[in-house]
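Please assemble the complex out of the two chains, which come individually in their own frames, going by the hints.
Protein chains in written order, with this note's numbering: chain F, 1 to 461; chain Z, 1001 to 1087.
Be aware that one or more of the hints could be misleading.
[Unchecked claim] The calculated DSSO-like cross-link candidates involving lysine-lysine, where the alpha carbons are at most 27 Å apart (straight line), are:
#1 F:K215 / Z:K1052
#2 Z:K1052 / F:K26
#3 F:K26 / F:K47
#4 F:K26 / Z:K1061
#5 F:K422 / Z:K1061
#6 F:K47 / F:K33
#7 F:K317 / F:K371
#8 F:K461 / F:K47
#9 F:K364 / F:K343
#10 F:K27 / F:K422
#11 F:K217 / Z:K1031
#12 F:K26 / Z:K1031
#13 F:K217 / F:K26
#14 F:K27 / Z:K1052
#15 F:K273 / F:K422
#16 F:K64 / Z:K1031
#17 F:K317 / F:K215
#18 Z:K1061 / F:K425
#19 F:K425 / F:K273
#20 F:K461 / Z:K1052
By construction, these hints were calculated from the structure, which means they are not laboratory data.
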Amino acid sequence: MAYDAVIIGSGLSGLAAGIRLAMFDKKVCIVEKHTVLGGLNSFYVRKNRTFDVGLHAMTNFTPKGVRNSPLGKLLKQLRFSHDDFRLCQQHMSEIRFPEHSLRFTNDFEFFRQEVADQFPQEIDGFNKLVEKILSFDELNLNDEKTLNSRPILESFIKNPVLIDMLNCPLMYYGNAREGDMDFYQFVIMFKSVFVEGFAKPVGGMPYILQLFAEKFKQLGGELRMGSGVTSINAENRTVESVTLENGEQLIAENIISSMGYVETLNHCAPTLKETEECETGQVSFMESLCVVDREPRDLGYDKSIVFFSNQPRFDYKVPDEMINVTSGVLCCSNNFDYPEPMKEGLIRLTNLANFAQWDSLPRKDYIAAKKHWRDRALESVFTFFTDFRDNVVFLDSFTPKTIKKYTGHLNGAVYGSPNKIKNGKTPLNNLFICGTDQGFLGIIGATLSGISMANLHVLRK
Amino acid sequence: MTIDEVRQIILNILEDIAPDEDISSIDDNTKLREQIDLDSMDFLDIVMELRKRFNIEVPEKDYEHLATLAGCITYLQPLLKDRLAAS
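Okay, chain Z solo, but in the shape it has when bound (with noise of 0.2 Å):
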């Protein structure tokens, strides 16, 4: 997967866990927290739904690589860089 399909399947999952919110405009560098209204509760789900995709497991001392997208994608695109985008 390239950096830009890493990017867009993050941006599906979240576009999933919180279907109200505006996807479109979040800015890789600032924290998602901050951004779309994320809780604990949510970072659970980005973990279960990565876990439920991608067979990935994020361990609870990694969820702080999760805070921002571009954090999410420096963490993930080692682990998804052999996967096709289509999974």
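Looking at chain F on its own, in the form it has when it is part of the complex (with noise of 0.2 Å):
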């Protein structure tokens, strides 16, 4: 029995790819390693309360109508309606750094008024910027050239606190470079974060990837959770198959695989002389949950989200400590417009944090230290937010050790490799990749990326 595809995990990108091979009578059969859908955008349970991890909220949301932003794009690919998702809006964010304070919205003009009334000397290249951005091509999949944004925003932007504080939420939520980012990831950032803006769905990511995966078993798709692959095995350059834990090997056509491309190319065999060229990602995180007793706004946490820096300089690089505690990004999930309110308040905080760090501890020292550094990010909080210890009654944190345990990606790293392979393609003719190192950014650009490589890969072949 032979499979038109072979799809490797069972995030965003992997289901998406699975749709759309399904709609048009592929036969696919998705594998995932996991228990639990989602990869790096997933959830869990701890004592009866369900928890999102990865981001804090969709990006990219526009309204419905909106027919040529990704997110309608991606209803189109994969035939769900505006309503299917259940986004609820943010209500308003902010960049919170110690001279200024730049707050936004899902309207972009309230944004430039922002920026007007912060950096009035900076309005003029700030609008030349927005057009620059505006005009760019960033979902080209066949262009090669790397540009530097910093050099770009110097270029527009005098003010360094100015260009910090742009880049701050962007890279939170998505470089997977250290210290600077390249220029089509900085503009499908600025687009989906302040052009379209925040939104979370009813339900959360458990409502949403059993949406995905509901869809493509009705489409005639085969979903085996718990079968993580071992090996990749290729005859001449081309797959023929993959080998599953349980020894059962699956015979494919073709192999799409959001693994991540190092962590792809590691599971070939034989084993492929361009996997020691590769460079991996290092950028990872710690997140703290806290439920408390109240709304959040009760408790002076009005905002939706907030990325801050205690410093006057933002610099988004792995610490040399176990997490950076001088800045991170608070997200109040009760802050979206939901229909009901949530039954319990969270706010979760996330820092960067250190992989080798993190994994190198013995277990019994990783537990106390998770606990010394989330009080450690805590009280940084503190100095620039109310205090809430007070009102905590749960408090759970995860850190890059967790991620790299969960999802596979080498370093816990979130975003991947800093070296994007946009057309998907590998040393291996019939073997792709999708997701996080294909370069499309966040929950809609992660699904965008299965659908993408999908259409070229198979279904225009």
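What follows is the structure in structure tokens.
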């Protein structure tokens, strides 16, 4: 029994690729190592509470009826209606630095006005930068040249603090590279965060993942959970089969892998010499989930998401310590426009973290370190925001080590390798990648990645 | 299939691909792209649906014939003329 395609990974990119192929009667099987759907954007259950992991909110929100946006394209390609996603928009988010604060909503003109008010000297340059961004073709799959974004930003904006403030949310939500960001990725992120905006689905990630998985199965797709791939078997640079953990072999015409580029090559047999030349991602995070006994806004947390730095300048890099407590992201899940209020208050705090240090700790030190660094991170937040420690009813944290364990991404690198493979090709003829390492970012980006790779490499053939 | 039947099957496909669009007001001689926001991904879907429903292969060089509804009918009617509309 041969498949037209085997897809590795049941994250959003794998599920989207699967839906596209099953829609046109391809025989397709998605294999997932974990027992839970989602990969990097997933969920977990602790003490009867379900928590989303991955992005705090969906970026790229555009209203119903907008068809040329990434969200609009995705809905058309997967044949969902906008209502199916049950999206609730953010109230207001903020970039908070010591001297300046920039608030933003899903209305870009509001943000433009904030920049004009806070940085009146820079507004002309900012407007010119926005024009450049809006006319940039960031989705071109064949564009090979890399441009760093900082020199481009500096050609429009003189004040480095404004540049850091613009970078802060965009880097936190999608930059695999330390220090600077590729300009096309900056453009993708700028549009998805500032021009479009944030929303959350009622029911969170479990709801969205179930929606995708159900559609895939209804179209005749096969989904195998708890079925990790042990090897991708090739002959003459063409994959013939994949071997699963239980020893079973699946024969397939095409393989689309969402494991990550290096992670995929590492599974190939015989070994590929190209594997050694790959750059692995380093950027990872620690996140703490704080359940509080009232609405966050009653504790002074009225924003949907706050990107903060309590230093004048923001540097996006792997910290020398276990985590960087001077900057981070605070997300109040409650502060989205839900039809009914959430049952409990939830505040999530995310900080850059050092995988190697977390990974080297013995078990008992690891647990103590989680508590220690969570306390340090919260203390740092409370120099800037109201203390909510007395209102916490449940706390949990995960680290880069947790991310590696559940997603398989080397170094717990949530945004994958700094070098993206936009056309999805690998050294093997019929092996393609989708997801994080293909280079479209966020929940909507991951989904579009799966769609584009399925279209380009399987359906158009 | 008659021309009207061919027209209807194209409209059915468009309706599936773009469920939020008003298909009834489509003008036969204006580009589909301009009327209902179709992009290259959507044209792929039209081609894929034709393959799935009628086993018709449209090579990429012929996509230009599908730009308008009238173009679609002219291009597809000879390929579909021996089929029954019920398929």
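Review point. Is the straight-line distance between the alpha-carbon of K422 of chain F and that of K1061 of chain Z 27 Å or less?
Key: 24 Å, holds
Exercise for review: Sort out whether K1052 of chain Z lies within 27 Å of K27 of chain F, counting only the CA atoms.
Suggested key: Holds - the C-alpha atoms of K1052 of chain Z and K27 of chain F are around 13 Å apart, at most 27 Å.
Check your understanding: Can the restraint linking K1061 of chain Z and K425 of chain F be considered satisfied, given a maximum Cα separation of 27 Å?
Key -> Given pair K1061 of chain Z, K425 of chain F holds - Cα atoms ~24 Å apart, limit 27 Å.
Practice item. Given the hint that K273 of chain F pairs with K422 of chain F, test it: the Cα-Cα distance must not exceed 27 Å. Key: Holds, at about 21 Å.
Practice item. For the pair supplied as a hint, K317 of chain F and K215 of chain F, confirm whether the alpha-carbon distance does not exceed 27 Å. Key: Violated. K317 of chain F to K215 of chain F sits at ~39 Å, over the 27 Å cutoff.
Practice item. Sort out whether K273 of chain F lies within 27 Å of K425 of chain F, counting only the CA atoms. Key: Measuring from Cα to Cα gives roughly 16 Å; hence the hint holds.
Check your understanding: Taking only the CA atoms, is the gap from K64 of chain F to K1031 of chain Z under or equal to 27 Å?
Key -> 23 Å, holds
Practice item. Assess, step by step, whether the Cα of K215 of chain F is no farther than 27 Å from the Cα of K1052 of chain Z, and give holds or violated. Key: Holds - the C-alpha atoms of K1052 of chain Z and K215 of chain F are around 18 Å apart, at most 27 Å.
Point to revise | Pair hint outcome, K364 of chain F versus K343 of chain F [Cα-Cα no greater than 27 Å] | key: 33 Å, violated
**Study point:** Pairwise hint evaluation, K1031 of chain Z against K217 of chain F, where the allowed Cα distance is 27 Å at most
**Key:** 35 Å, violated
Review point. Does K47 of chain F pair with K33 of chain F here, judged by a C-alpha cut-off of 27 Å?
Key: 24 Å, holds
Exercise for review: Verify the proposed pairing of K26 of chain F with K1061 of chain Z, using a straight-line Cα cut of 27 Å.
Suggested key: 24 Å, holds
Checked against the numbered hints given earlier, the structure breaks hints 3, 8, 9, 11, 12, 17 and satisfies all the rest.
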